[in-house]
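Below, each chain spelled out in residue letters.
There are 2 protein chains.
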Amino acid sequence: MGSTRARIAIDAMGGDNAPAEIVAGALKARQELGVEVLLVGHADQIKASLAQRKDVDISHLDGVEIVSAEEVIEMHEEPLTALKRKRKASIRVAMDLVKENRAEAVVSAGHSGAAMAAALLRLGRLPGIDRPAIGAVFPTINPNKRVLILDVGANVDCRPKFLEQFAVMGAIYSEYVLGVAQPKIGLLNIGEEPSKGNDLAVRTHQMLAENSFISFIGNAEGRDVLSGNFDVIVCDGFVGNVLLKFAEAVGEIVLQTLKEELLGQGWLGKLGTKLVEPSLRRFKQRVDHVEHGGGLLLGVAGVCIISHGSSQAQSIFNAIRLAKEAIDCEVLERIKSQYPESTQQSPVSQPSAES
Amino acid sequence: MGSTRARIAIDAMGGDNAPAEIVAGALKARQELGVEVLLVGHADQIKASLAQRKDVDISHLDGVEIVSAEEVIEMHEEPLTALKRKRKASIRVAMDLVKENRAEAVVSAGHSGAAMAAALLRLGRLPGIDRPAIGAVFPTINPNKRVLILDVGANVDCRPKFLEQFAVMGAIYSEYVLGVAQPKIGLLNIGEEPSKGNDLAVRTHQMLAENSFISFIGNAEGRDVLSGNFDVIVCDGFVGNVLLKFAEAVGEIVLQTLKEELLGQGWLGKLGTKLVEPSLRRFKQRVDHVEHGGGLLLGVAGVCIISHGSSQAQSIFNAIRLAKEAIDCEVLERIKSQYPESTQQSPVSQPSAES
Numbered sequence: 013m014g015s016t017r018a019r020i021a022i023d024a025m026g027g028d029n030a031p032a033e034i035v036a037g038a039l040k041a042r043q044e045l046g047v048e049v050l051l052v053g054h055a056d057q058i059k060a061s062l063a064q065r066k067d068v069d070i071s072h073l074d075g076v077e078i079v080s081a082e083e084v085i086e087m088h089e090e091p092l093t094a095l096k097r098k099r100k101a102s103i104r105v106a107m108d109l110v111k112e113n114r115a116e117a118v119v120s121a122g123h124s125g126a127a128m129a130a131a132l133l134r135l136g137r138l139p140g141i142d143r144p145a146i147g148a149v150f151p152t153i154n155p156n157k158r159v160l161i162l163d164v165g166a167n168v169d170c171r172p173k174f175l176e177q178f179a180v181m182g183a184i185y186s187e188y189v190l191g192v193a194q195p196k197i198g199l200l201n202i203g204e205e206p207s208k209g210n211d212l213a214v215r216t217h218q219m220l221a222e223n224s225f226i227s228f229i230g231n232a233e234g235r236d237v238l239s240g241n242f243d244v245i246v247c248d249g250f251v252g253n254v255l256l257k258f259a260e261a262v263g264e265i266v267l268q269t270l271k272e273e274l275l276g277q278g279w280l281g282k283l284g285t286k287l288v289e290p291s292l293r294r295f296k297q298r299v300d301h302v303e304h305g306g307g308l309l310l311g312v313a314g315v316c317i318i319s320h321g322s323s324q325a326q327s328i329f330n331a332i333r334l335a336k337e338a339i340d341c342e343v344l345e346r347i348k349s350q351y352p353e354s355t356q357q358s359p360v361s362q363p364s365a366e367s
Numbered sequence: 013m014g015s016t017r018a019r020i021a022i023d024a025m026g027g028d029n030a031p032a033e034i035v036a037g038a039l040k041a042r043q044e045l046g047v048e049v050l051l052v053g054h055a056d057q058i059k060a061s062l063a064q065r066k067d068v069d070i071s072h073l074d075g076v077e078i079v080s081a082e083e084v085i086e087m088h089e090e091p092l093t094a095l096k097r098k099r100k101a102s103i104r105v106a107m108d109l110v111k112e113n114r115a116e117a118v119v120s121a122g123h124s125g126a127a128m129a130a131a132l133l134r135l136g137r138l139p140g141i142d143r144p145a146i147g148a149v150f151p152t153i154n155p156n157k158r159v160l161i162l163d164v165g166a167n168v169d170c171r172p173k174f175l176e177q178f179a180v181m182g183a184i185y186s187e188y189v190l191g192v193a194q195p196k197i198g199l200l201n202i203g204e205e206p207s208k209g210n211d212l213a214v215r216t217h218q219m220l221a222e223n224s225f226i227s228f229i230g231n232a233e234g235r236d237v238l239s240g241n242f243d244v245i246v247c248d249g250f251v252g253n254v255l256l257k258f259a260e261a262v263g264e265i266v267l268q269t270l271k272e273e274l275l276g277q278g279w280l281g282k283l284g285t286k287l288v289e290p291s292l293r294r295f296k297q298r299v300d301h302v303e304h305g306g307g308l309l310l311g312v313a314g315v316c317i318i319s320h321g322s323s324q325a326q327s328i329f330n331a332i333r334l335a336k337e338a339i340d341c342e343v344l345e346r347i348k349s350q351y352p353e354s355t356q357q358s359p360v361s362q363p364s365a366e367s
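For the protein sequence lines, the chains are D and R, in the order given.
Just add 12 to the spot in the first sequence (first one is 1) and you have the numbering used here.
Just add 12 to the spot in the second sequence (first one is 1) and you have the numbering used here.
Just chain D, same shape as in the assembly (with noise of 0.2 angstroms):
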C-alpha cells in the first residue's frame, strides 16, 4: 500500500473511554483496514494504553503515529472559548494536522460541538456550502436498505437554501459511498403534500423539487423515516438531534423491555428464550447504533467522522472504516464540484449538472 494509505488522526482523549478504547479501536483499524493512523494526545497516556495491549509490539509499530497534544477539551466546556485558550487541544491538533495535510481525516468521540467548531475554525467550509451539516446513517426496515438523516445537531435553526446544500451533499454521500444509485432523497415533514408544515419546511420543499441535481422524492413523514423508501432525508439539526437520540434510545428500550418480559416467565419460557436467541441477537445488531461508527461532518474542508461519546473500540474501529470510505470514495471533491469557486451558483442553475 505504501504511501497511498490513508492517513486518519484520531483524537485519543476524545470521549468517556479515552484514550485506552479509542487507541484499541485504532490498532484493530492499523491491523484490518491498512490505514495509518495518528494517535492525537497526552503521549504518556497513550504509550501505556499501547503498552496494555499484549498483542501488540509497541517498539514496531508501523503505521501508528504519536502527535503531542496536551490539552482536552472537558464535555463542559463552551466550545469557541475553549479552542481559543487551549490551542493544544488534542481535537485541535488533530484538525491541524488534515490542514497541513499530514493526515486526510479526523475521527473524534469527544465534545462534538468542539469538533464542530474546530473543524470550521482550522479547516473551513467547502466553497459554496452556508452550513455543514452532520450526516447519520440508521437502518431501515428493508436489511438491504439503509438511509441517510442530515443534518442530526450542528445547525439548529436553517433557511430553506442551506437544507438544499444538505441535500446536495447527502445525495452524493448516499451515491458514492453507501453504493446508492440515484439515491432517493425526501424532505422531513408533517404530511406528504407540498402545502404541509411549517414555514421552513413549505419553502425548501419548493426549493428541493426545483433542484435538478437531486432526486427529490417528496416529504417524508415521522413514519417513513425507517420505511425504506427514502435514501437521503433532509431536516434542520433540532428535529434531527431530537429524532436521532430517540432512535438511538428506543433500540436499547426495546431489547430491554423485551428482556424483561422473557425472562419473567418459567422454565419453559427460560427453555424458549434459549431457542430464540440467536433471533434476538441478529435483532440486536440490526437497531444497534454501534455498528454504525458516527456521524460525518459534511461540509468542511475535510473528512471528519464525529463518534458517540460512549464510544468503545469496535465504534472507533467503524468510525474509522467510515472515514476510509469517504477518502477512497473522493467525497469532498464531488461536493466541490457541484459548487464551482468562481461562481459559487446553486446547484440547480449549472446545466452540466449531473442528475
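Be aware that one or more of the hints could be misleading.
Identical chains share a label here; the pair holds if one copy fits it or two copies do between them.
As the list claims (entries may be wrong) - Listed next, the in silico EDC-like pairs over lysine to aspartate or glutamate satisfying Cα-Cα at most 16 angstroms (straight line): (1) Lys208 x Glu90; (2) Lys271 x Glu289; (3) Lys96 x Glu82; (4) Lys348 x Glu233; (5) Lys98 x Asp108; (6) Lys66 x Glu33.
Worth flagging that the hints you see were computed from the coordinates, not collected in a lab.
Computed from a predicted structure; not experimentally measured.
Starting from the known structure of chain D, arrange chain R on it as the hints suggest.
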C-alpha cells in the same frame, strides 16, 4: 346513572373503517362505560352497521342516539374550505352538539385537520389560550409510567408563550386525568443546558423556569422522552408530530423485524418462538399505540379526542374512555381556572396559583 352520565358525540363517518368499526367501538363503550353515545353521520349507514351486530337489539338501544349528518369531509380536502362548504359534515354537526350542550365531548377518527378546525370554529378557544395543542400519551421504559407529549401536530410554528400554555394544560391533564401528583414538566431540546437548542427552545426554557404553576425540571433530549423521568414534555407541533409518527412506526418495525428473525429459524427456533409467544404479546401491548385511543385536543372549549384514521373498535372504545375521563376530571374547568377571563394573565403572575 340517569342524566349525569357523560354524553359523547362520535363522528361515525370518520376514519378508514367507518362506520362499522366506529359504531362497534361506541356500542362497547355504551355497554361497558355507561356513557351515552350520539352517533353522527349518514343515518342509514349507521343503522346498517347497528343491524349487523347480532348481539344488539337495535329496537331497544337505550343511550344510543343517531344524529343525522349527510356530508363527510374527505381526507384530501382543505379543512377550512370544506367546513364552510359542507355545513352538514359529520364532524361539524358533532361539534355543534357540544356547543348546544347536547354532548360534552367529541370523538373523531376522521380528517384530523378538519376536526381541529371544526373545534376552533364551532367551540372556540378557552380564554387565555392562544393555540390549542394535541397531546399524545406515550408508554415509557417504566411499565407504571406514561408521558404526555404536546403538541403533536396542531401548531407547526410556535412562540414561547404557546409552549408555556401547553405546559400548563399538560400539567393539569397529567395530574387530573393521568393521576400524576405534581407532574414533572420537560422541554424537548437537544441538550441539557438552558442555553442549548434553537431560538424557540432557549426562550421557552426561560419562561418555563419562571412559571411557578408547573414543576419544570429542565430540557428533555430525544433519549429522555421514554425514560420515565418526565410526565409531560412540551414541543412545537412539527417536531412532536415527527416524533409521534416515528415512534408508532418503530413499534411496528421492531415487531416485524423480530418476527422475520424468529421465523427464519429451524424447528428448534420455531419451538422457542411458540414458548416465548406470551411474552411477545405482552411486549406488543406495551409498545402498541392502539391501547391509547388517540390524542386530546387541549385548549378548545370542549373535550375533543382525535383518533387514528386506522382506528378499529378497540381504539374507538379507548378514545371514548379517554373522553369520559377528561369530562369526569373536569379538565376544561381546571384549565379555565388558571386563566381567569377578566385579566387574561399568565398563571405565573397569579399569587393564588397552586404549585
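Quiz item: So which hints don't hold here, by number, going up?
Solution: Checked against the structure, the only hint that fails is number 4, while the rest are satisfied.
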